[in-house]
Amino acid sequence: MDSTAVRKRFERLYGTSPVIVRAPGRVNLIGEHTDYNEGFVLPAAIDLEIVLAIGRNDTGRIRFFAEDLNESFEQDFDNLRVSTSQWANYLLGVIAQFVESGAAVEGIDCVFGGDIPIGAGLSSSAAIEVGFAIGINHLLCAGFDKVTMAKMAQSAEHQYAGVHCGIMDQFASIMGRKNQAMKLDCRSLEVEYFPADLANWKIVLCNTRVEHELAASEYNTRRKECERGVKLLRQYEPRLNSLRDVSPELLEARSSEFDPVVLKRCRYVLAENKRVLKVCEHLRDGNIRAVGRIMHESHAGLRDDFEVSCPELDILEEIARRDEAVAGARMMGGGFGGCTINIVHQDQVSGFTDKAGLEYKRQTGVTPEFYVTNIGDGSGVEGK
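Count along the sequence shown from 1, then add 589; that gives the number in the numbering used here.
It is possible that some hints are incorrect.
Quick list of in silico lysine to any residue cross-link-like pairs, SDA-like style, CA-CA up to 20 Å [claimed, not checked]:
1) Lys813 x Lys944
2) Lys867 x Lys944
3) Lys813 x Pro827
4) Lys820 x Glu779
5) Lys813 x Glu779
6) Lys853 x Ala879
7) Lys944 x Arg910
If you are wondering where the hints come from, they were derived from the structure by calculation, not from laboratory data.
Taking the hints into account, I'd like the entire structure generated from these sequences.
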């Protein structure tokens, strides 16, 4: 995205020159709802991004402007608190993290905008949080490293936005690398990169245009269901910390003691962690068709066992599954709307989107949106 509009708006509103930060959205090739279970995920940063113009002020005020929404927000720095403005809370939460760390934060101005579609499951919220953290860190010369800022962004979302997300989205936005997928161990936070220069393939995102209104509440519900499974199994294996520690053998041995819904959630998480590791192997071998088959398996698990899909996502995945031009597809993100991620042969992208668009509209009455994306670098200060 061109930063000109954001920069000009900042200069017009606040009369100073800002620091410009770019923070990308992300796709997740495989590994959904595994992050808060201390499992594995395989995200990548993309070339859709949030651009933030950030500066200090001497007014004792926090002043924000959301370019795409044409909305402003102000709050006294000395009365930092959760707001009724959800988008402002992502930024306020980051400021709170710097205050808690002892950084000398005072008045802060920020204008932001971007081309990450809101509500599509591409993690615009994490991009805002991470980009803002990088900007403040730069302005204050605070010296925090990327891992620390990712954790600060995650805490901001927990405490101010009220979403108890895992760490994947923030890590992907801040630590992405061009043409590489990032396997993140969500327990140790160790990162390993795998080649994702897809050569003859493109990543195509199909937006259902269904806003995932249930995602936040159901996300928290799924997290609690997973925790219930761990609590039950801990009676037999006291050292269990999360589903990451659970073997399929232990789960099945105690399956009769489970609530059927909780059992399905646990089975999905164990299977999805295995799928992440398999996809890493196939990426290393350059076997994109094999990657795609596992993506379809992941979608089935999300639909049937974790129950976070919706009819519109299922329609798009089925359309892709029937198309020889598509190596694989699945729903992506928290669920209940947003996008499917599809790996499509580069010579047949337009044919796929044309056919998928017509068939989806025939079944739903809605015209989907399509984004052809590339895997890019993570967040940073412009010019640095």
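The hints, checked one at a time:
Among the hinted pairs, Lys813 with Lys944 is inconsistent with the structure: their alpha-carbon atoms are about 40 Å apart, more than 20 Å. Restraint check for Lys867 and Lys944: not satisfied, since their Cα atoms lie roughly 30 Å apart, outside the 20 Å limit. Distance restraint check for Lys813 and Pro827: the Cα-Cα separation of roughly 19 Å lies within the 20 Å cut-off, and the hinted pair is therefore satisfied. With a C-alpha separation of about 26 Å, the suggested pairing of Lys820 with Glu779 is violated against the 20 Å cut-off.
Distance check on the hinted pair: Lys813 and Glu779 sit about 25 Å apart at the alpha-carbon level, beyond 20 Å; violated. The hinted pair formed by Lys853 and Ala879 fails the criterion: a straight-line CA distance of about 25 Å is larger than 20 Å. With a C-alpha separation of about 13 Å, the suggested pair Lys944 and Arg910 falls inside the 20 Å cut-off, and the hint holds.
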